[in-house]
Amino acid sequence: MPDCIAVADFNQTSSSDLAQGTTIPLKKVQGTSESDKQTLTESFALVVVADDRSQALAEVLNHFFHDRGFFPESVVILSENPSPQLLAEAFSFGIESLNDLATARDTLKALEDQLPDCQNPQTPSGMIRQIARAIRRGDQAEILSQADAALAMATHDYRLCYQVGRAREALGQFTPALALYERAIKLNSHFCLGRLAIAEGLLVLGKTEAALKHATYLGASLPFSGTVRALLAAIQAELGQFDRARDLIAEAQSMQGPSSKILEAQAQLALAQGQMKEAFQLMDDMSEVGPFFAAKLNELGIKLSQANRGKSALALYQKAHRIVRPELKYKISLNAALACRRLGDWDKSLGYLQRCEKEFGSSFTKLEKIRASLQKAKERDALQKRQAG
Amino acid sequence: MRSTNITEAIIPKTILVCVGKRERGIALQTLLTARGYRVIMALSLYDAQNAVAQELPHLIVTESSFEGGHAGDLHDRLQEHELIAKIPILVWVVKKTRDELAPLVNRTFAAVFVGTNGELMAKIQDILRSQEGLSPFFLGAHAFAISDVNLVHEAAAHGTSQGFLITSLETGINYHPIFTCTPQSNEGVTTKLKQGITLRDKQNSITVFPLDGLVGAERAWTDKLANFPIQNSKKVALYLPDTEKIVGWTTLLSGQGFQASPFQDAPSLVGQLSQNPQRFDCVFLLDDSRTTLAAVQEQVRKANTGAPTIVVATRGAVTIPDAISVPYPISLGQVLHTLEAACRKASHYAPLIKQASHQEISLIYHSSARFLGVDEAGGYLEVRQPLAVESTMHIENQLFAEMFPGQSLKITHCHKAPDDDTWQVRFEASLGVQSKVKRWERIQGLVQHKANQEAG
Chain A
99 MPDCIAVADF NQTSSSDLAQ GTTIPLKKVQ GTSESDKQTL TESFALVVVA DDRSQALAEV
159 LNHFFHDRGF FPESVVILSE NPSPQLLAEA FSFGIESLND LATARDTLKA LEDQLPDCQN
219 PQTPSGMIRQ IARAIRRGDQ AEILSQADAA LAMATHDYRL CYQVGRAREA LGQFTPALAL
279 YERAIKLNSH FCLGRLAIAE GLLVLGKTEA ALKHATYLGA SLPFSGTVRA LLAAIQAELG
339 QFDRARDLIA EAQSMQGPSS KILEAQAQLA LAQGQMKEAF QLMDDMSEVG PFFAAKLNEL
399 GIKLSQANRG KSALALYQKA HRIVRPELKY KISLNAALAC RRLGDWDKSL GYLQRCEKEF
459 GSSFTKLEKI RASLQKAKER DALQKRQAG
Chain B
147 MRSTNITEAI IPKTILVCVG KRERGIALQT LLTARGYRVI MALSLYDAQN AVAQELPHLI
207 VTESSFEGGH AGDLHDRLQE HELIAKIPIL VWVVKKTRDE LAPLVNRTFA AVFVGTNGEL
267 MAKIQDILRS QEGLSPFFLG AHAFAISDVN LVHEAAAHGT SQGFLITSLE TGINYHPIFT
327 CTPQSNEGVT TKLKQGITLR DKQNSITVFP LDGLVGAERA WTDKLANFPI QNSKKVALYL
387 PDTEKIVGWT TLLSGQGFQA SPFQDAPSLV GQLSQNPQRF DCVFLLDDSR TTLAAVQEQV
447 RKANTGAPTI VVATRGAVTI PDAISVPYPI SLGQVLHTLE AACRKASHYA PLIKQASHQE
507 ISLIYHSSAR FLGVDEAGGY LEVRQPLAVE STMHIENQLF AEMFPGQSLK ITHCHKAPDD
567 DTWQVRFEAS LGVQSKVKRW ERIQGLVQHK ANQEAG
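Read top to bottom, the protein sequences are chains A and B. In this text, residue positions in the first sequence follow our numbering: the first is 99, and each later residue adds one. In this text, residue positions in the second sequence follow our numbering: the first is 147, and each later residue adds one.
All clues given are correct.
DSS-like cross-link-like pairs, simulated, lysine-lysine; straight-line CA separation at most 30 Å:
| no. | chain 1 | residue 1 | chain 2 | residue 2 |
| --- | --- | --- | --- | --- |
| 1 | B | Lys381 | A | Lys311 |
| 2 | A | Lys284 | B | Lys500 |
| 3 | B | Lys232 | B | Lys269 |
| 4 | A | Lys311 | B | Lys380 |
| 5 | B | Lys340 | A | Lys207 |
| 6 | B | Lys338 | A | Lys284 |
Bear in mind the hints are in silico, worked out from the structure with no lab data behind them.
So here's chain A without its partners, still in its complex pose:
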């Protein structure tokens, strides 16, 4: 796919001027429909035209940085009269570049000039993109290799610290990921995404009070962010403060309308209160679910399986597999394989293992052990059947 620049024009202004600023194809996006997502995945840079924040804008930025990797210089916001809410949204994503529409051509030219660096895997821009692509594919071996290659350069680069942290997180290594995020915010004290990642990571590690401290700080510095309110709600739900969690969810909804993050917090609250059916319903509209809720779903699936409710566990895993981020899918496939083994369905279990191997990018010790045990059980069954026959 040729590299392109995505243009998200929320002001519906004419972008003919933009087109004259670059020789690189410009592709319009409006939100995060499947075709928009495809465009954002192909884009190495993003131009946003907006004066105010919107849910669509937040989703576009979120998706772009997830696929392109966190490189704030690759996003430019063109605005004539930015509202404080837009400034806060840009700030929450670490974007410092706001320009007048009148400078659109120069802006495009400057973005175009970034392409060689982005295509060069030896530069921070190129490394960040490579790591993001590996995470997108969910290939654990590749993520590991890309993260290791970038680590040496990350010491004094908050962008690389964050992206390598994302890679560690994708590998399930939350403690080193947290150290990298801590380093990132030490290098750039205004780096909100880094602090958000710390709060989420601490929550996954069960350090809920510490997570609350970071999330509360973010709540004050990003007073219009529904995402931060949703995170605070999830933390309060974890702490058993259900009323507070409900209030925060309501605040988040009033700030940004429906979003996967808010649904995640709602489902988390439902699970914490033992309302499984409600949580299941909420999961229908989720996407790109992060490690905390994914871990919750895995934990619940294991409990169901261990309680001889294997079919319920498999139904849960099926749903979870559809909504979690790509790099988290392999764990769900592995747990599904284990649930099938418990049910005695060797072939189905081997099928899940095969999917897990594909998602992981290679085999790994635990997977091989399970596979060997399945082969053995299958052979034993076959022998027993022959003997019985």
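Chain B: place on chain A using the hints.
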């Protein structure tokens, strides 16, 4: 090569006053000095001739007679030398007698004047203005075929403090230029420093740069610097007439640890400042109305100590004297950096800088300038950021090295162009024992040599 008019405000005018009686000379000198002229006094023909060679004045104001000769003699001596022959002479006739007037006959003077002191001042101004705002000794950039030059300033990085690099940079930065500097800590790394803000008080001047944007090798060298922990208040008066937006801004700044006091109308803000200007560390004007700014600046000027720093969000590339300007469309990060810096004082850092002097790292700053020309004492540049008067710099150019060998150039004037975001600066080179005539002859020789080379 684009031609630029050099503003009169940065052209120092030297006037040689030749008088028969010291008292009359002092009276004239007082009047001229009050109008910003540099005045040299000569009481004899001999003194006058020496002063002309040494100082290359832009104008000679002479009485018709004085010790050792008269204005006609001085005129004739000047005509003997091509270089100084073009210095205009204004003859001030004190007495309209035959003896006084006879020596002036058949000689060309810029003016022969009979009248009051006030009229004399007007005449002097007229003659100097007729020099196209420049010295009679001026060679424009076209004569040297030089357009852009690199400036080098020496400074030091003293430490880091809560996300800022603390440097001494002798420039008058008051907005957000980009400086390229080379830390002299043996890595050979060039670092681009952006969004510099100069904090200045009577005794101290420092320039701070946010560290957030520095990555990789550009950042690594700052680890060696001392860390200065500073606890300062962050009280900001926020002015914006837009009701909806001021609520948003107040919420945002409060969330970032600022004590933000919103003002929607200028009289309330000015009233608060007039009562107690020290109540705020910083005044942030999100509306760049010139009337409001002028009223706020007036109140701030009245405060003796602890006056708040003024930050103005400006439309277009406009820089405002005595204020930090942040051009629209502003980003929140940029505003936070600016306000955080503006709430600090240079005096906070002075003792810490002294304590950590053993850890400081020398910096060489590089910036570019457009060369406008040279005159008998120095030269003129157009720069993209203000340079502090009295600071020194070098110009990286072979021809400049030959014109001003081995010398630091001192900034004597800095003036903002009214129409765009550029400044014109004048620099001077130390003369040492050399006379201005000798140096001007050398400069002319270099130009001639260059022209011959190009022709050959």
